[in-house]
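Participant: One-letter residues, chain by chain:
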Amino acid sequence: MSAPVIRYIDEPHPITGLTNGKLGLWLFLASEVMLFGALFSSYILLRVGADSWPDGWDVLNVPLATLNTVVLISSSVTMVMAWVGCRLNNLGKFRFYMSLTIALSLVFLVIKTIEYKPKFEHYEAFLADGALVKGYEGSESITGHLDENDLDKDYILFSPDAVQHGTSGDDEHSDHEKGGEGHAEQIRINRLDIDRLTNFGPKHSNFYGLYFTMTGLHGLHIVGGIAVNLYFLLFGTGMFRSNPAQFSNRIECAGLYWHFVDLVWIFLFPTIYLL
Amino acid sequence: MSGHDHHDPGFIRKYVFSVDHKVIGIQYTVTSLLFLFLGFALMMIMRAQLAYPKADFSFLENIFGEAGFVGGTMLPEFYNQLGAMHGTIMVFLGVVPLAVGGFGNYVMPLQIGAPDMAFPKLNMASYWVYFTGGVVMICSFFVEGGAAQYGWTSYPPLANTQPHLIGQTMWLVGMVFLITSSLLGSVNFIVTIVQLRVKGLTFFRLPFFVWAQFITSFLLLLAFPPLEAAGVLQLMDRVAGTSFFMPDGLIISGSPAVNAGGGNPLLWQHLFWFLAHPEVYVLILPAMGIVGEIVANNTRKPLWGYRSLVYSVIFLGFMSFIVWAHHMFMTGMGQSMSIFFQTTTMIISIPSVIILTALILSLWGGSIRFNTPMLFALSFLPMFAIGGLTGLPLGLAASDIQLHDTYYVIGHFHFVVAPGTLMALFAGVYFWYPKVTGRMMNSALGKLHWIGTLVFLNGVFIPMFVQGMAGVSRRLYDQTHYEHGQAVQEWTIASSWSAWLLGIAQIPFILNFFMSFFAGKKVDQNPWKATTLEWAAPSPPPHGNFATEPEVYRGPYEYSVPGASDDYSPQFVK
Ligand code: HEM
Ligand SMILES: [Cu+2]
Numbered sequence: 001m002s003a004p005v006i007r008y009i010d011e012p013h014p015i016t017g018l019t020n021g022k023l024g025l026w027l028f029l030a031s032e033v034m035l036f037g038a039l040f041s042s043y044i045l046l047r048v049g050a051d052s053w054p055d056g057w058d059v060l061n062v063p064l065a066t067l068n069t070v071v072l073i074s075s076s077v078t079m080v081m082a083w084v085g086c087r088l089n090n091l092g093k094f095r096f097y098m099s100l101t102i103a104l105s106l107v108f109l110v111i112k113t114i115e116y117k118p119k120f121e122h123y124e125a126f127l128a129d130g131a132l133v134k135g136y137e138g139s140e141s142i143t144g145h146l147d148e149n150d151l152d153k154d155y156i157l158f159s160p161d162a163v164q165h166g167t168s169g170d171d172e173h174s175d176h177e178k179g180g181e182g183h184a185e186q187i188r189i190n191r192l193d194i195d196r197l198t199n200f201g202p203k204h205s206n207f208y209g210l211y212f213t214m215t216g217l218h219g220l221h222i223v224g225g226i227a228v229n230l231y232f233l234l235f236g237t238g239m240f241r242s243n244p245a246q247f248s249n250r251i252e253c254a255g256l257y258w259h260f261v262d263l264v265w266i267f268l269f270p271t272i273y274l275l
Numbered sequence: 001m002s003g004h005d006h007h008d009p010g011f012i013r014k015y016v017f018s019v020d021h022k023v024i025g026i027q028y029t030v031t032s033l034l035f036l037f038l039g040f041a042l043m044m045i046m047r048a049q050l051a052y053p054k055a056d057f058s059f060l061e062n063i064f065g066e067a068g069f070v071g072g073t074m075l076p077e078f079y080n081q082l083g084a085m086h087g088t089i090m091v092f093l094g095v096v097p098l099a100v101g102g103f104g105n106y107v108m109p110l111q112i113g114a115p116d117m118a119f120p121k122l123n124m125a126s127y128w129v130y131f132t133g134g135v136v137m138i139c140s141f142f143v144e145g146g147a148a149q150y151g152w153t154s155y156p157p158l159a160n161t162q163p164h165l166i167g168q169t170m171w172l173v174g175m176v177f178l179i180t181s182s183l184l185g186s187v188n189f190i191v192t193i194v195q196l197r198v199k200g201l202t203f204f205r206l207p208f209f210v211w212a213q214f215i216t217s218f219l220l221l222l223a224f225p226p227l228e229a230a231g232v233l234q235l236m237d238r239v240a241g242t243s244f245f246m247p248d249g250l251i252i253s254g255s256p257a258v259n260a261g262g263g264n265p266l267l268w269q270h271l272f273w274f275l276a277h278p279e280v281y282v283l284i285l286p287a288m289g290i291v292g293e294i295v296a297n298n299t300r301k302p303l304w305g306y307r308s309l310v311y312s313v314i315f316l317g318f319m320s321f322i323v324w325a326h327h328m329f330m331t332g333m334g335q336s337m338s339i340f341f342q343t344t345t346m347i348i349s350i351p352s353v354i355i356l357t358a359l360i361l362s363l364w365g366g367s368i369r370f371n372t373p374m375l376f377a378l379s380f381l382p383m384f385a386i387g388g389l390t391g392l393p394l395g396l397a398a399s400d401i402q403l404h405d406t407y408y409v410i411g412h413f414h415f416v417v418a419p420g421t422l423m424a425l426f427a428g429v430y431f432w433y434p435k436v437t438g439r440m441m442n443s444a445l446g447k448l449h450w451i452g453t454l455v456f457l458n459g460v461f462i463p464m465f466v467q468g469m470a471g472v473s474r475r476l477y478d479q480t481h482y483e484h485g486q487a488v489q490e491w492t493i494a495s496s497w498s499a500w501l502l503g504i505a506q507i508p509f510i511l512n513f514f515m516s517f518f519a520g521k522k523v524d525q526n527p528w529k530a531t532t533l534e535w536a537a538p539s540p541p542p543h544g545n546f547a548t549e550p551e552v553y554r555g556p557y558e559y560s561v562p563g564a565s566d567d568y569s570p571q572f573v574k
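Protein sequence lines, in the order shown, are assigned to chains A and B. The numbers in this note's numbering rise by one with no breaks, and the one at position 216 of the first sequence is 216. The numbers in this note's numbering rise by one with no breaks, and the one at position 24 of the second sequence is 24.
Derived from the structure by calculation, the hints contain no laboratory data. All of these numbers come straight from a predicted model, not from anything done at the bench. The C-beta atom is built at its ideal place from N, Cα and C for all residues, glycine as well. Be careful, since some hints might not be right.
[Claimed, not checked] 30 Å max Cα-Cα, derived DSSO-like pairs, lysine-lysine:
id, chain 1, residue 1, chain 2, residue 2
1, B, LYS199, A, LYS22
2, B, LYS199, B, LYS54
3, A, LYS22, A, LYS93
4, B, LYS521, B, LYS447
5, B, LYS199, B, LYS447
6, B, LYS447, B, LYS522
7, B, LYS14, A, LYS22
8, B, LYS121, A, LYS22
9, B, LYS529, B, LYS447
[Claimed, not checked] Chain B is faced by these chain A residues, among others (derived, beta-carbon under 8 Å):
id, residue
10, TYR8
11, THR16
12, PHE28
13, GLY49
14, ASP51
15, ILE111
16, LYS112
17, THR113
18, LYS117
19, HIS204
20, THR213
Take these sequences, add in the hints, and give me the full structure.
Facilitator: Here you go:
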């Protein structure tokens with residue numbers, strides 16, 4: 001099909017100074033700003049209206065998140081290097097740095113998973129008399145995880161955190177302390193005494209809800225970026241040779257997106273973990 | 001520009017997964033007309049329930065299943081599904097896709113002299129994402145518990161209280177698709193208008209329609225993401241058990257809700273209306289654009305105050321982002337908030353009035369051609385005026401206390417969207433049909449359609465003002481339960497009969513739409529003797545649009561220029 005000739009795909013428009021792709025990307029990023037802006041506003045509104053709000057550094061894993069910040073910033077640097085590879089017409093260099101970018105983004109996701117996982121295994125019971133018990137599911141428990149829907153027994157087995165060891169509600173530290181040894185003794189809690197039983201997943205409280213929603217949505221943006229970068233790495237060689245100008249434009253756009261995702265993290269990290 | 005060496009791309013690539021903005025525009029038009037028809041059908045069922053509350057609806061059980069009925073009479077839950085889905089379908093799957101996806105896609109690139117949109121593949125993707133969202137919405141009628149039933153606004157906590165019903169969850173997923181689609185579309189529109197205008201076509205030579213689409217795209221681009229965020233948060237509430245919108249101490253059907261609490265139901269309303277107020281301008285601006293084109297063409301005069309029209313549209317776009325909480329005066333959000341939003345609401349009516357005034361003044365002293373598109377466009381003007389003026393009492397917090405959540409509100413916004421926007425969209429169909437098909441629509445049938453539509457639309461919506469001022473709530477499924485409702489029940493019945501007759505009045509349109517495709521009078525490229533660029537292309541325009549790239553020499557509406565040989569001087573003729 002003789003496609004109609006569309007202008008300014010690879011040469012910039014004389015007045016705006018932008019190619020179509022780059023202008024489109026900036027507009028897309030503007031809408032992304034509104035998306036995350038709305039989420040941050042929701043965060044503020046919910047936090048201001050909350051009776052209590054945990055300190056992020058106390059209950060979340062700041063060292064892992066710091067490591068992830070370093071990983072993500074490094075991937076932004078390698079992304080720039082991949083683009084430089086394009087501009088220098090150096091396919092090897094492009095490939096090397098693009099692979100590195102993708103590898104770093106995968107590392108980010110792995111660390112994220114390591115950070116998420118213990119929170120789904122760690123529980124908190126809100127008892128009818130107002131007391132809170134944190135802990136892990138008891139070892140006798142055969143089917144599934146502790147859950148308020150698991151109604152076939154009238155009690156649950158619970159191995160509480162060694163509360164006498166520390167007073168902070170830090171679930172990360174107790175992870176390490178626990179070390180799978182099951183050192184704390186197991187207790188039975190009557191179901192009728194429990195108002196609500198939840199893991200430290202999104203439904204625990206609005207703090208965890210926002211933590212998972214915002215970092216999760218950010219994580220989805222990372223996945224999207226990996227998909228795009230992988231596409232350019234695997235299928236980009238043809239265009240790299242036939243139309244290097246357009247190819248490096250595309251890499252530049254992918255890079256802008258990647259820096260944006262990076263930037264969102266730069267805001268998320270202090271907001272959720274440190275403030 | 002070469003558009004001549006055609007290899008046949010095959011049926012699928014040419015008509016189904018096409019990247020040609022014209023084919024995509026037609027796909028959008030046809031799909032959204034079908035959705036408009038569906039939304040209308042749902043509404044006709046609602047009108048039957050409202051007029052004759054105990055009537056026998058057993059024939060509907062075959063379509064929607066038996067859960068919604070007891071012994072043939074309709075249950076309120078089912079009525080609520082109809083209401084929520086009528087609103088959703090009309091706004092998000094009908095009017096906006098027709099006004100922006102259909103008309104915008106087809107006409108805008110032609111009017112700026114471009115061979116296509118800036119990103120043809122993205123354009124195709126945006127249609128198919130829209131299509132998928134529509135399918136999800138329709139399927140939700142057939143799942144356990146039926147479709148969403150919490151109004152098109154989906155206010156929590158109500159919308160969160162039954163997480164096991166997946167209708168509302170599907171509504172949220174469907175909305176994410178629709179939002180994504182309009183995001184892709186709006187990026188494409190803006191880039192196309194900024195980058196691909198043909199030589200000589202400066203911003204102040206753009207047809208008013210293009211300006212309207214331009215501002216509309218910015219509204220879509222920037223207002224929709226907060227709703228996407230809100231949708232994600234509500235999805236988390238329903239699926240992951242969070243409580244972003246669930247307040248402390250909530251009692252559901254007599255027992256305390258089991259969740260963390262601490263959420264804020266007003267947060268949803270803020271996020272929702274942050275989108276949904278700009279959205280009402282998404283509904284109206286393209287309509288104003290269409291009316292502008294048709295009025296100029298049929299008065300054979302330049303539009304009165306072209307520049308003030310443009311500045312008003314830009315100002316309207318800005319302001320529409322800071323009026324949203326006038327939908328929330330009754331939530332107890334606080335007096336200072338009410339005062340702020342009441343003030344901005346009064347300010348935003350100024351540009352609306354300027355636009356309407358300019359369009360009316362454009363008629364002054366013209367030798368008006370009363371063809372079908374012009375009749376529709378002319379009736380837009382008073383209808384929009386009624387809609388806008390009835391908005392003013394709603395925009396003042398004091399009078400809104402009486403009117404909020406009554407049928408008066410329904411009357412207000414339908415006057416803007418139905419007799420207003422829909423009339424303009426019909427006008428657009430009659431006006432551009434010859435460009436799209438190369439044939440005229442029948443004028444006798446068109447006028448029949450016009451008079452029926454105008455009369456019955458008013459018949460449907462005027463009674464709602466009376467009902468509303470009598471205090472009838474907009475959500476009632478049987479107002480005869482209440483004395484104040486019984487007092488105005490005849491108005492309800494009159495409104496219902498008008499709605500059904502309105503349905504019948506569409507028959508000439510449907511016949512005309514299909515028959516003219518084969519039997520309409522053939523036309524040349526410029527049957528209306530118009531001045532803008534789409535009339536420089538053949539009818540219908542080929543792939544790539546123009547035989548030779550046009551150039552623009554003057555403003556968009558140079559009709560009856562003194563000393564010119566014709567009464568119109570097209571932009572594309574030197
Ligand atoms: C220009 C003057 C206008 C003013 C002052 C105005 C004011 C208002 C106010 C204050 C409300 C909230 C009423 C309530 O819930 O108590 C409202 C509702 C509404 N307006 Fe307008 N409006 C105007 C124009 C428009 C236009 C142009 C449209 C659409 C094309 C529109 C569409 C709507 C819709 C859809 C609702 C109801 C939403 C709902 O609650 O379901 N309005 N208007
Ligand atoms: Cu509004």
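Participant: For each hint given before, does the structure comply? Return the numbers of the non-compliant ones in rising order.
Facilitator: 2, 5, 15, 16, 17 and 18
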